[in-house]
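*Asks:* Chains as they are written, first to last, in full-length UniProt numbering: chain E, 1 to 440; chain R, 1 to 440; chain H, 1 to 440.
Calculated directly from the structure, the hints in this document are not laboratory data. From a predicted model like this one, the values you see are computed outputs, not experimental measurements. Do not take every clue at face value.
To be verified - Pairs of lysine-lysine residues, derived as BS3-like cross-links and limited to a Cα-Cα distance of at most 30 Å, are as follows:
1) E:Lys-11 x H:Lys-51
2) R:Lys-278 x H:Lys-11
3) R:Lys-51 x R:Lys-208
4) R:Lys-417 x R:Lys-11
5) E:Lys-278 x R:Lys-11
6) E:Lys-51 x E:Lys-11
7) R:Lys-417 x R:Lys-208
8) H:Lys-335 x H:Lys-324
9) R:Lys-335 x R:Lys-417
10) H:Lys-278 x E:Lys-208
11) R:Lys-335 x R:Lys-278
12) E:Lys-324 x E:Lys-335
13) H:Lys-208 x H:Lys-51
14) E:Lys-278 x R:Lys-417
15) H:Lys-417 x R:Lys-278
16) R:Lys-278 x H:Lys-208
17) R:Lys-51 x H:Lys-51
18) R:Lys-324 x R:Lys-278
19) R:Lys-208 x R:Lys-11
20) E:Lys-51 x E:Lys-208
21) H:Lys-208 x R:Lys-324
22) E:Lys-417 x H:Lys-278
23) H:Lys-335 x H:Lys-278
24) R:Lys-11 x E:Lys-324
25) H:Lys-11 x H:Lys-208
26) H:Lys-51 x E:Lys-51
27) H:Lys-11 x H:Lys-51
28) E:Lys-11 x H:Lys-324
29) R:Lys-324 x E:Lys-51
30) H:Lys-417 x H:Lys-335
31) H:Lys-11 x H:Lys-417
32) E:Lys-324 x E:Lys-11
33) R:Lys-208 x E:Lys-278
34) E:Lys-208 x E:Lys-324
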Amino acid sequence: MSGHATNLRLKLPAICFLLQLFTIILFAVFVRYDRETSARLWHEELSHHNKSNRDNDFYFRYPSFQDVHTMIFIGFGFLMTFLKRYGFGSVAFNFLIAAFAIQWSTLIQGFFHSFHDGKIHIGIESMINADFCSGAVLISFGAVLGKTSPIQLLLMALFEVTLFGINEFVLLSVVGAKDAGGSMTIHTFGAYFGLMVSRVLYRPQLDKSRQREGSVYHSDLFAMIGTIYLWLFWPSFNSAITAHGDDQQRTVMNTYFSLAASTLATFATSALVNGEGKLDMVHIQNAALAGGVVVGTSGEMMLTPFGAMIAGFLAGLVSTLGFKFLTPILDSRLKIQDTCGVHNLHGMPGVLGALLGALVAALATQDVYGDGMADVFPLIADGSRTATYQGTCQFFALLITLGFAVVGGSLVGATLKIRSLGSPPDTQCFEDQIYWEVNP
Amino acid sequence: MSGHATNLRLKLPAICFLLQLFTIILFAVFVRYDRETSARLWHEELSHHNKSNRDNDFYFRYPSFQDVHTMIFIGFGFLMTFLKRYGFGSVAFNFLIAAFAIQWSTLIQGFFHSFHDGKIHIGIESMINADFCSGAVLISFGAVLGKTSPIQLLLMALFEVTLFGINEFVLLSVVGAKDAGGSMTIHTFGAYFGLMVSRVLYRPQLDKSRQREGSVYHSDLFAMIGTIYLWLFWPSFNSAITAHGDDQQRTVMNTYFSLAASTLATFATSALVNGEGKLDMVHIQNAALAGGVVVGTSGEMMLTPFGAMIAGFLAGLVSTLGFKFLTPILDSRLKIQDTCGVHNLHGMPGVLGALLGALVAALATQDVYGDGMADVFPLIADGSRTATYQGTCQFFALLITLGFAVVGGSLVGATLKIRSLGSPPDTQCFEDQIYWEVNP
Amino acid sequence: MSGHATNLRLKLPAICFLLQLFTIILFAVFVRYDRETSARLWHEELSHHNKSNRDNDFYFRYPSFQDVHTMIFIGFGFLMTFLKRYGFGSVAFNFLIAAFAIQWSTLIQGFFHSFHDGKIHIGIESMINADFCSGAVLISFGAVLGKTSPIQLLLMALFEVTLFGINEFVLLSVVGAKDAGGSMTIHTFGAYFGLMVSRVLYRPQLDKSRQREGSVYHSDLFAMIGTIYLWLFWPSFNSAITAHGDDQQRTVMNTYFSLAASTLATFATSALVNGEGKLDMVHIQNAALAGGVVVGTSGEMMLTPFGAMIAGFLAGLVSTLGFKFLTPILDSRLKIQDTCGVHNLHGMPGVLGALLGALVAALATQDVYGDGMADVFPLIADGSRTATYQGTCQFFALLITLGFAVVGGSLVGATLKIRSLGSPPDTQCFEDQIYWEVNP
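Take these sequences, add in the hints, and give me the full structure.
*Replies:* As structure tokens, this is what we get:
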């Protein structure tokens, strides 16, 4: 038991206060309003550049931002409440680590993407990106759900956000890959990072907690709140930072149809793989969402509606099969205990989405994209790349992401093995009472 | 029992795969991005027609679309979770059939409304209309909730979407009626279609399942999630496809006040008709929403705020009285078993809304509408109709809708009687365990 | 028992019908569509003032309105469902009184702010303000939750909305204070008004109902739905009526960071003050939101992101300490029974927010605000005030608000003591069965 001092009375306040104060100091030194958020600067734009308030990016992106925000805090938070005795930890630790991650990623992403004259300039787009980055952390959280203390989770967020920022910088700014909806940067990275953390933190005695690693009737309904919100707003997620105009609308539409097709594939496959033809809520809650993941990279491209539907259909199929056949093998053979099955929802569909993105990029033609090529593939439009080369870059971006995730997750997992971080004993996993006052 | 082989192992996958693959093929052949969604075409608009990205319809309609989308999947889905043992079926079959219906209705409505040069052109407005159409199917689902298999529901969606498209085409394009919020096309059609299906599928032995046809404490709270979201976003529903500018704003405001008034009428009537003066959650969950239905046709018109409030007040009153007095009679006398009381929430308020629309249209004057007449009543504005004639057309549109709904619902109900579609036996209605893996 | 005739069969219908009919009559006499909602008037704007439909305020404010609307009906409603046996009353009485308050406040605020030529002109901004005003009533509802009948609540709404309108008029139009997110007008006013009502309605025998004044496992999860939605959409709340452009975006960003910091402070403090280092859901559900309240006044100002984070951090800290140490003292010493702890979430953070607003206003300089000064501080921009004087006015606005709240709450509380308003006996508080049909 000495390795599992789960009393957080001093440790949790200490780390929360430290992280928050450190973040505030860095914000004070580095972070400033950008040209659209500052009273003085925006009014200079209005008077000197003939703009109107309608041109403020706020009106192009705020509705999408709020949908993404809902996905992060309601979607991910409630999706994980399916466990019978871990509802508090699911929704509230999700809340805690996302609230930290959005601050920390504003700094990390700011250093890489909007650092000018020694200052980070922030606005609505940095808020969306911060929420995106916290999404990757929450995916990793899904893999270790119920087996980690909030202190471990905050440290994981600290390191993972940093690595996310580096990987994203390499992909978007060095390799020149496109990944607006994050099939690679968010889903593939978050899933394999989390799976490696879970691998390193392998619990051989977890069977002693298995009786709590399931749902009760109402916990499955709470989880459906998360599922449906993720499903509804995924079109906003994939389109939130694409170019204005046709790009945002096309991304929304591709995602919408991909999700619809993955839903039918999930119901079909769920009944098919069950001995009695019954549906399984775990599949519906998760695999129906794979259609959003799989068009994360290609959603802004001229994928065509039926292309999006084929992609979604395959993603739902693969994801459901993963839950049925792969998750048990990951556990028994590879010692990867994946509480929420993030490998099925984010891992495989993320990899598929990256490959699909590479393919669709390689097929891009001037005839199909017209002058819109500059928005989707600026490096093809300005003649510095061919479509084939863009596709190749997309493929290498996937490999880089997998590398960062696997190496990073292993190192961070090792760090989290430090005793005194308050992780629960094997007999007390998936149990709120360790960290929460729970009424009977 | 032979008529009730509820094992779906092969049947459900077969129908899901078939419907999805058939849809994908039709999309591949017929469906294309429209001028606002295609990279090439939108950039032609930008350069040749002096447009800016701000003019893309996406920015006028996407927030409303997402509200409608939330109503369809969260609103309808959770509203039906009030049953104590049918929460999975409510929210998840809702999910399944809506995910199919939005695809199928994109095709059907596309053939009628945006078929040019052999192709269907789609964008944000077709997505809203597809969600609208699935709303009608979900209303019908409410009438047969707990008594039908997912296979029956998918077939119902297939046929109902098709009939919806025909009826809508006749109303809007042939008769020239206005019905932006769908008092007729969605609510009246969906309700009476579903009631006829339920009539044809009458179960004389349903008493054997009555002990499950009620709520428990927490299932009523889940249902309130659905109720409140429907109530909140109904202004977006009614305004989602009205003309830009004053029309959208006016429709929102009329719906907002109508709903507020129907809420007070519902609480008042619920206490009044209860022997002990206690409130009934069934009334609050449903009748408070009647204010949204009743201004579905007239919401875009110059109804005036107090006119909207009177309409909402009457709708809340009538709807609550319907739950108390009419639903038992429908069951005992007319053999219509209406699980969710859709006759009270969508049927009667829909008919009232159609009549109100006819009245407000007949009263339209140039003095009140000014140049805005062209947006609301284009056929009056261009001189091809008088206001009185428009009102008459509105009235006939209601009769046509009732005809399509009653005849169509009867035929489809008869089709769904086919054995081997997996419907539950009378003793096992309102029970998730037939179709779902349920943890104790 | 004679003082507690809780049968509402005639009383509730009577007051609902009366209030609704009275409101409809006043709307018929006084309320008209404004220039952006009327078909004729908006088309005059289009043709005579060279406007386009994009300029309609609807497109600047409707997404924010719907977020605020969700906070009022889902956020407040579900936040209060934490009680084990008062879920119906929480979400449904919230629904009832807000549905009335938005109508009544349209009239009251209309008389003070948009009364021209004998008519009140309404549009999207009046809808946001009506929702804001109902927010104040719902805060007061939190203080008396479980101890009042719906009749008392409707009467409280009637009087409180009226006083809210007067206080708001004095602050904004007489004193010239700024308070876009309502730290004073909504939170401080609503909290102290409700606390005074609760003080006057003090129940010495409330211990007989204490066993129901707590949560069960799933009721805490329902409450988290309310919490997370309030947290998500608070940026929309504070920015909903600020000026277009940089103001809306800046307010959103300040609120976002303030909330993130208050969340970490809440988790830290919750673990710190608990004997065993366990977290308390009551704190997470409430104190994490204090960051939204505390920047209600200053959010639109050039607060800087790190300034917002410091404010949020302190608010979360103070609020959690309030739940732990102050609420018991209020009850035992001051005889204020504050069911939801509104003093901790809205009272103290509201006062802090008012003081912060005064400070930030006093520090305003032309160098920082540039031409944006006219949007934030019009009276400084036009030279009629110094920044110091603006700060002083902000401070007096707080005192005025406290005066209105304390005196108003006392008087209204005394009115609500009238017998025959159906309040529950001390033994039956926090119990749905008094007013609701409840299935076992």
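*Asks:* Assess, step by step, whether the Cα of Lys-11 (chain H) is no farther than 30 Å from the Cα of Lys-208 (chain H), and give holds or violated.
*Replies:* holds, 27 Å
*Asks:* Hint check: Lys-278 (chain R) vs Lys-11 (chain H), CA-CA at most 30 Å. Holds or violated?
*Replies:* Status holds; Cα separation ~11 Å.
*Asks:* Taken at face value, is the distance from the CA of Lys-417 (chain R) to the CA of Lys-278 (chain E) at most 30 Å?
*Replies:* Given pair Lys-278 (chain E), Lys-417 (chain R) holds - Cα atoms ~22 Å apart, limit 30 Å.
*Asks:* Does Lys-335 (chain E) sit within 30 Å of Lys-324 (chain E), going by the straight-line distance between their CA atoms?
*Replies:* Cα-Cα ~17 Å, so holds.
*Asks:* Do the alpha carbons of Lys-11 (chain H) and Lys-51 (chain H) lie within 30 Å of each other, as the hint requires?
*Replies:* Cα-Cα ~51 Å, so violated.
*Asks:* Given the proposed pairing of Lys-208 (chain H) with Lys-324 (chain R), does the C-alpha separation stay at or below 30 Å?
*Replies:* violated, 36 Å
*Asks:* Holds or violated: are the alpha carbons of Lys-335 (chain R) and Lys-417 (chain R) at most 30 Å from each other?
*Replies:* The hint holds at about 16 Å.
*Asks:* For a C-alpha distance cap of 30 Å, please report whether Lys-51 (chain H) and Lys-51 (chain E) respect it.
*Replies:* Given pair Lys-51 (chain H), Lys-51 (chain E) holds - Cα atoms ~15 Å apart, limit 30 Å.
*Asks:* Holds or violated: Lys-11 (chain R) with Lys-324 (chain E), Cα cutoff 30 Å?
*Replies:* Holds, at roughly 20 Å.
*Asks:* Within a Cα-Cα threshold of 30 Å, do Lys-335 (chain H) and Lys-278 (chain H) meet the stated pairing?
*Replies:* holds, 29 Å
*Asks:* Taken at face value, is the distance from the CA of Lys-324 (chain H) to the CA of Lys-335 (chain H) at most 30 Å?
*Replies:* With a Cα-Cα distance of about 17 Å, the restraint between Lys-335 (chain H) and Lys-324 (chain H) holds, given a limit of 30 Å.
*Asks:* Lys-324 (chain E) and Lys-11 (chain E) were given as a pair; does the straight-line alpha-carbon distance stay at or below 30 Å?
*Replies:* Violated. Lys-324 (chain E) to Lys-11 (chain E) sits at ~39 Å, over the 30 Å cutoff.
In summary, the numbered hints that this structure violates are 1, 3, 6, 13, 20, 21, 27, 29 and 32.
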